[in-house]
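Asker: We have chain U already, so just place chain D on it with the hints.
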Amino acid sequence: MFVSYKWLSQYVDIADQTPEELAEKITRAGIEVEGVEMPAAQMKGIVVGYVKSREQHPNADKLSKCLVDVGEEEPVQIICGAKNVDAGQYVAVARTGAVLPGNFKIKRAKLRGEESNGMICSLSELGIESRLNPKEYAEGIFNFPNDVTPGEDALAALNRDDAILELSLTPNRSDALSMMGVAYEVAAILGRDVKLPEPNPNEAGEPASEAIQIRIDAPEDNPLYIARVVKNVKIGPSPLWMQTLLMNAGVRPHNNVVDITNYVLMEYGQPLHAFDLDRIRTGEIVVRRAEEGEKFVTLDDAERTLSADQLVITNGKEAVALAGVMGGANSEVNDHTVNVLIESAYFDGQIVRNASKAHGLRSEASARFEKGVDPSRVQAACDRAAELMAEYAGGTVLSGRVVAGEYAPEPKKVSITLDRLNTRLGTELQMGGVEDIFSRLKFETETKNDEITVTVPTRRGDITIPEDLTEEVARLYGYDHIPLTLPEGESLPGGLSPYQLGRRVVRRYLEGAGFNQAVTYSLTSEKRAAQFALEVREPVALAMPMSEERAYLRESLLPHLVEAAAYNSARQMGSVALYETGSIYLNEGKNVQPKEEERLAGIITGIWQEHLWQGEKKAADFFTVKGVIEGAAARLGLTDRLSFQKATPEGFHPGRTAAVLFDEQPVGVIGQLHPSLAKEVDLKEAYLFELKLDVLLNAARVDLAYTPIPRFPSISRDIALVVDSTVEAALLETIIKEAGGSLLTNIHVFDVYEGDRMEAGKKSVAFALTYVNPDKTLTDDEVTAVHEKVLAALKEKANAELRA
Amino acid sequence: MEEQLKQLQDEAVMKAAAAQDLKELNDVRVAYLGKKGPVTEVLKGMGRLSAEERPKMGALVNVVREAITKAIETKQVSLESEAIQKQLAEESIDVTLPGRPVKLGGPHPLTRVTEEIEDLFIGMGYTVAEGPEVEQDYYNFEALNLPKGHPARDMQDTFYLTPELLMRTHTSPVQVRTMLKHEGKGPVKIICPGKVYRRDSDDATHSHQFNQIEGLVVGENIRMSDLKGTLDAFAKKMFGPDREIRLRPSFFPFTEPSVEVDVSCMCGGKGCSICKGTGWIEVLGAGMVHPNVLEMAGFDSTVYSGFAFGMGQERIAMLKYGVDDIRHFYTNDLRFLQQFSVHE
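Respectively, the protein sequence lines represent chains U and D.
Going by UniProt numbering, the first sequence opens with residue 1, and the numbers climb by one from there.
Going by UniProt numbering, the second sequence opens with residue 1, and the numbers climb by one from there.
Honestly, the hints are just simulated from the structure, not real lab data.
Incorrect hints may appear among the rest.
One side only, chain U facing chain D, incomplete, derived with CB under 8 Å [unchecked claim]:
1) L425
2) I463
3) M546
Result set (EDC-like, lysine to aspartate or glutamate): computed pairs, CA atoms no more than 20 Å apart in a straight line [claimed, not checked]:
4) U:K357 with D:D157
5) U:K295 with U:E318
6) D:K276 with U:E24
7) D:K148 with U:D309
Source: prediction; values computed, not measured.
Quick reminder that beta carbons are idealized off the backbone N, C-alpha and C, glycines included.
Same shape as in the complex, but just chain U:
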């Protein structure tokens, strides 16, 4: 909503407020003023000129040589390029030395050999957007329609010396979608009176009801329809003050009749429509629901196909307007119009929204109906338009209004006690102060004991409950005056849940291990939705995605991490270690909330560790990732419950991928990104992991208890075993553990060899075993006995021989 300072000052005395001061006060009281534009501040030296003569420029076809009276003794010569310039016009002249918006300075110039002392201006050169220029001047220079005097300030004549406040309105404050509404707000802020127009058109001739009959067939959608008839209008431009105020309010002037309906719309917030009475033909208006598939040509000459949830104004036979949205081409006011029907109606918000949404027609009118107009202004607005048409279009207002329906809702009464008001706000207001605030708002009040009852005018439909009164008081009393306190009563211990703490532990661990945390998008493409997923389901789709790239919910964090790694790799950052924690979404059937699982995933590629001048460089490999996962499990106290099993999921290298098991149940995957996929995104060897973080964190409940440090020395034995190449280390380890019993406290692989010195199909795996007895010093004999058992078990279960 653009509010002209000059226009506003018709209704409330703001002479002592600069536009900036006013803007700040309005903002602090609840309606944000996004900006204050003062067009004249960017311009100077622009006066009214009278074109005394015009002749063709001797050396240029498209230029005119004009002599312009600018209020001085001698006229000045100006070369003008506009097609529509002619002798006898009053125009805006930027004189030599003038400045136009954009700091465009006008200098004396010679154009094709002819001197030019200034410039004749179009409206857009004076800072008015061309979409707001009256059509006849949009392509050329502007002509003043009224009496103006050469030499007078053209910016003042054009109301360019106005200040325009741009209000950003929240949906509840549709009352401020009118100059009168803003006037009430400003009056409340400043504690002043509101001066409103009191329309009283001079009526003459026959009753309007003889010219038109009105019937409403859809009273729920249109409870009230008021019309007036103005005869014998002369279509022409509206007065300059009206045109310029409309442009300042962001409305394009057309002709006097249309401008008046728009002017009253901006003034009252009540949308009006002017029909050419003669083009309605039947002398009848019938309001009804549109028929399904009904065709209708709106005044923008577009044919619309209507549906039954839209409302039309008809002449009893065919539609003449789409109610509250746009008139029809068949009944539009044009240059030949003589008799006008003014429509002022109350249309239901939803029915208007249906039509404006279906046809993509958002207008000043539809916006107001959708948010709800003030029913008490329907009649006054109609009268006001009739009065202005009599004055500025030379028409005769027929006597009386034609009214169909009735809609005069009682103003709501809302009560609140002073105590509740003060306890909600934390203030210590007195009743007198509260009453004063409502009187500034022009709300009637009644006080009984501790309770105040407010009669809320229909223009403020947003106020319905006691809390709304609290807000009115708070915003006008001023939030700055509310004290700073903290909630009283029972104090609670705050904190993270064990799950949330665990998540942070995992994050810090990975960051300490060298990973940067990534955050990627949850929405993805169809192709990526189930890629790398631990559990593949029909992906969950958005109903109306904005792009194919963001149309489905992800089932794995990995696709976007691969993308992030590829992004970095393509920018000379080939060594990447990224992790992410986040949700994935599993389809549970239509209309059922998907199952959201929290996952932990990561990618590493390139060099994992390097020390350049010492010539050390270690590329990331499968075991780098595995070590990271094992470390995380150790940090969560889950080491013994995690295991790894060779697996061949899609998207991974079939020989370098493992399923991660937790308590023997699948909980994740680690492995190399399939080389052909890596090639697609220009990545070198890359390793991925994804784990069900929620499963791990819900299981991770460690009760730390100290285990005594062994007081007796341990004995280590190394064994090198020869086994078939296919035998996995994990199997050997399990056998050793089982056979080793309680004395065997530690076991790890320290060498693996497969090659020339081995028999084909065989490999050597070497383990270091540590034996400890917590209760006494072990003897060699005791260890040997256990060790023999271990070797025997290995021989029996894995056909493992000691390497010679």
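Answerer: Chain D alone, transformed into the frame defined by chain U:
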């Protein structure tokens, strides 16, 4: 014999002193004091001496032996010291060469901001509540006083999956779910961080996915002044002790009254590009929980009242770290992420 010993001593002492290294010195020791050395030989020959001469001679041998031993030991200390000096000299390194790098990762800036805010409110007695990102229309809108067809729904353009399921547009549904769990009994004191989604085209200031952290306090006699005091404490801890807050009336369907909360700019009100010359930066939306919301969540709005607030981590991070484009948070460029590995 006496003379022979004296000569031996002189010879040994001289050789010890002349030894070039520990091995040569050891050779001297073996040569003179070893089992087959001349001193031992002399001792062996003592049997032939008379009873008077034997103690005299014994004493003399001991003197000689001690003298040689001492000479060898002295030389040994000096040789060892030389050896160590030599070794140290050889082992000298250029300490200005770079160290072996320890890989340093770090949290995402949005996580940093989220955890910082979480910790700040945990310190004031809040717990952290979380909930699903795919929500039912009911929890995201209807229970928050936004019935179907409400004009304010336009303020939040929504990704729908079906007419009843959507990507949550704020973390407020977590508040609703938490209140319902409380079954009408206060107090409730939570903050709800999480990802939210809106139908926006991604550009420098818009992202279809972003983060929010919302707070909710419900109790008996919770006042607007409590909201103001809480947010003032937040602003001072988050942005600095000199910062102040300013409340401006606004509108949200789920709070009444509703306010926008500005934090004073670090320029101290002089006006800069961040606050666009106003001295204030818009950071939060807040308000007193709408009675309809309380009632729908099972709380008696005549007994209970509450306040709620919400902010965006992206906005806070942009202000705090001077990030100029919201898309940086989702590109995962290492040159961006690595800047946040530093402890603040």
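Asker: All the hints need checking, so say for each whether the structure fits it.
Answerer: Hints, one by one, checked against the model:
no., hint, in the structure
1, L425, "holds (5 Å)"
2, I463, "violated (10 Å)"
3, M546, "holds (6 Å)"
4, U:K357 with D:D157, "holds (14 Å)"
5, U:K295 with U:E318, "holds (10 Å)"
6, D:K276 with U:E24, "holds (15 Å)"
7, D:K148 with U:D309, "holds (16 Å)"
Hint compliance for this structure: hint 2 is the single one not met.
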